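Chain by chain, the residues:
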Amino acid sequence: MKHIYALLTGLVFGIGIALSGMMDPAKVLNFFDVAGTWDPSLAFVMGGALVVTFIGYRLVWRRDAPLFGGRFQVPNSSAIDAKLVGGSAIFGIGWGIAGFCPGAAIPALGTGRWEVALFLGAVAVGFILRRLLTQSQPSAKTA
Amino acid sequence: METLFTPFASFGGGLLIGLGAVLLMLGLGRILGATGIMSGLVFAESGSEFSWRAAMVLGMILAPGVIFAVTGSMPQITVPVNPLMIAVGGVIVGFGASLGSGCTSGHGVCGLSRLSVRSLVAVPTFMATAALTVFLIRHVFGG
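So the sequences go chain by chain: A and B. Numbered per the working numbering, the first sequence spans residues 1 to 143. Numbered per the working numbering, the second sequence spans residues 144 to 286.
Hints listed in this document are in silico derivations from the structure and should not be mistaken for laboratory results. Among the clues, some could well be false.
[What the hints assert, rightly or not] Computed Cβ-Cβ distance ranges for the label pairs, DEER-style:
id: 1; chain 1: A; residue 1: 35; chain 2: B; residue 2: 188; range: 27 to 37 Å
id: 2; chain 1: A; residue 1: 65; chain 2: B; residue 2: 225; range: 45 to 55 Å
id: 3; chain 1: A; residue 1: 37; chain 2: B; residue 2: 187; range: 33 to 43 Å
id: 4; chain 1: B; residue 1: 209; chain 2: A; residue 2: 76; range: 34 to 44 Å
[To be verified] Residues on chain B that point at chain A, a partial pick, calculated with CB under 10 Å:
id: 5; residue: 186
id: 6; residue: 208
id: 7; residue: 258
This structure is a prediction, so every number in the text was calculated from the model and none was measured. Don't be surprised by glycine CBs; every beta carbon is placed ideally from N, CA and C.
Sequences are here, hints too, so could you generate the full structure?
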C-alpha cells in the first residue's frame, strides 16, 4: 500500500512537471534568458508549487506522524557553508548548460527521448564523482 | 528559439507539483527532493529506503504516458542543446546538487516553503549561476 501511495505521489508530481513546462529544456533555458527569448512561465510553476506546499505542509504537520508510520523527517540544519553555496552554484551552472534538472528529467524520461536518459546517466556519474571526491556521507537528505 | 508564455498551464502544473510534495510528506514524512530520491536509488543503502523511492520514480516516469492516455497527445519537449552539453551539464548538475544537498525540488519547492535558511541561500545562488551560464553561452560565446 505504501508503495502504491508512493507511486501515485510520483505520478501527481510528474503530471505537474509535464503540464508546467518544467521538463522542456527549451522553456527552462528561455526562463533564464532574460536578455534574449525570455519566457517567464516557470516563475508561475514555482508560485503554484509554493502556495500548495506552504499551506499543505503546515496542515500535514498538525498530525503526530505520517500516514504510513515513522516520523516527519525534515532537515533542521541551518548551516550556511561552502558546500551548500558552492554546490548550489555548481548545480546552477549545469542546469544552465543542459536545461534539465533532476526532478524534471525523471518524468521527462517517460516521453521516451534518449537525451533524457543521457542526462540522468550523467547526473548519476556526478553523484558518484562527488562521493569519490569529497569522502563524506552521501546526501540522502535534501534541502 | 521562442517558447510560448504559458502562465495558466505553468501555475496549474505548479499546484500539482506542490500537491505531490505535500502528499509525500503526509504519507511518508519525507521531503520531495529529486536529488535525494535519485541518489537514494544510485547509492541504495537499505531495501526499504530503496523501494519507496523506486515506486515514486516509476510514478514520475509514467506521468507522460498517463497524459497521453487521457488527452491523446504526448507532452512535447524540445532539446535545444547538443548531446555533449547534455552529458557535461548532467555531470555538473549531479555533482553540484549532491554537494549542495538539493536542487529545484528539494531546495526550491520544499525548502522555500519551510522557510529553510539553507534553501533561501541555495535557490538564489543556483538561479543566478544558471542565468549567468545561459547568458554567457547564448550572448557572449554565441552558442
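A quick look at each hint next to the structure:
Separated by about 44 Å at the C-beta atoms, residue 35 (chain A) and residue 188 (chain B) break the suggested range of 27 to 37 Å. Between residue 65 (chain A) and residue 225 (chain B), the C-beta spacing of about 48 Å keeps the proposed range 45 to 55 Å intact. In this structure the hint that residue 37 (chain A) and residue 187 (chain B) lie 33 to 43 Å apart at CB holds, the actual value being about 41 Å. The beta-carbon spacing between residue 209 (chain B) and residue 76 (chain A), approximately 36 Å, falls within the hinted interval of 34 to 44 Å.
Look at residue 186 (chain B): its Cβ gets to within about 5 Å of chain A, closer than 10 Å, so that hint holds up. Residue-level restraint check for residue 208 (chain B) holds (minimum Cβ-Cβ distance to chain A is 6 Å; threshold 10 Å). A distance limit of 10 Å between C-beta atoms decides the matter here; for residue 258 (chain B) the minimum to chain A is near 9 Å, and the interface restraint holds.
In this structure, the one hint that does not hold is number 1.
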